[in-house]
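Participant: Given next are the chains, with one letter for each unit.
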Amino acid sequence: AQKITQTQPGMFVQEKEAVTLDCTYDTSDPSYGLFWYKQPSSGEMIFLIYQGSYDQQNATEGRYSLNFQKARKSANLVISASQLGDSAMYFCAMREGSISSGSARQLTFGSGTQLTVLP
Amino acid sequence: DVKVTQSSRYLVKRTGEKVFLECVQDMDHENMFWYRQDPGLGLRLIYFSYDVKMKEKGDIPEGYSVSREKKERFSLILESASTNQTSMYLCASKRMGQGHQPQHFGDGTRLSIL
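Residue numbers (our numbering), protein chains in the order written: chain E, 74 to 192; chain R, 11 to 124.
These are computed hints drawn from the structure, not numbers from a lab. Worth double-checking, as some hints may not be accurate.
[What the hints assert, rightly or not] Facing chain R, according to a computed beta carbon distance under 7 Å, are these residues of chain E, among others:
(1) Asp159
(2) Gly183
(3) Ser184
[To be verified] Residues from chain R that keep clear of chain E, each with C-beta distances beyond 10 Å, as calculated:
(4) Ser18
(5) Val22
(6) Glu27
(7) Asp36
(8) Asp38
(9) Tyr45
(10) Ser75
(11) Ser77
(12) Lys80
(13) Thr93
(14) Leu124
[Claimed, not checked] Capping the alpha-carbon separation at 27 Å, the derived lysine-lysine pairs in DSS-like fashion look like this:
(15) R:Lys80 / R:Lys28
(16) R:Lys13 / R:Lys80
(17) R:Lys67 / R:Lys28
(18) R:Lys28 / R:Lys81
(19) R:Lys67 / E:Lys76
(20) R:Lys65 / E:Lys76
Every value quoted in this text rests on a predicted model; they were computed, and no experiment measured them. By construction, the Cβ of each residue, glycine as well, lies at the ideal position given by its N, Cα and C atoms.
Working from the sequences, and respecting the hints, build out all of it.
Facilitator: As structure tokens, this is what we get:
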């Protein structure tokens, strides 16, 4: 089974509107973390936001927020007031295991969602 | 700011060649990672390293090896390049034990094997 599923290969949104990018995950580990990255066409991976499995509140970072529904195992990214510069590929990723572990704790990535912001 | 530098943005090699992709980070991070990115598949982990001279296989290690002789440098080696290794390769690093901190990525190397 896929550990991270992003079901929207492509999304379009009008400038200044909000958009939600879906991410569902699968793990039996009670301790995990979820990350969202943005990858513009230039290729670099830009970290956006993090949600830990024990965090009581949904993470927010400027125009980015995370709609974390633990029981549904979903961690959707919400971008408010979309801008043309938000056009990019967006990846959801999961780290399994405790944050204090000394091991590398690799990330598992979804297949990504290509977001296009229309003027 | 963390800086992860990959030696080449674009690289073209021939089948059968031995190919070296270099990655250097400047933040004294213990953990380093090599991924390949293919359309529709996201990023897949090839190898990672806990610390100097330590390495672990990721999900798709076949056809690759790695070297970590110094803490700041993590090299990916294609022993005998094949056309199915044409891909985008991304290197990342992070500090050990801080699972809430993100991995920091380089700009990627677009490798073409002819």
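Participant: Starting from the hint list further up, note which numbers the structure goes against and sort them upward.
Facilitator: 1, 9
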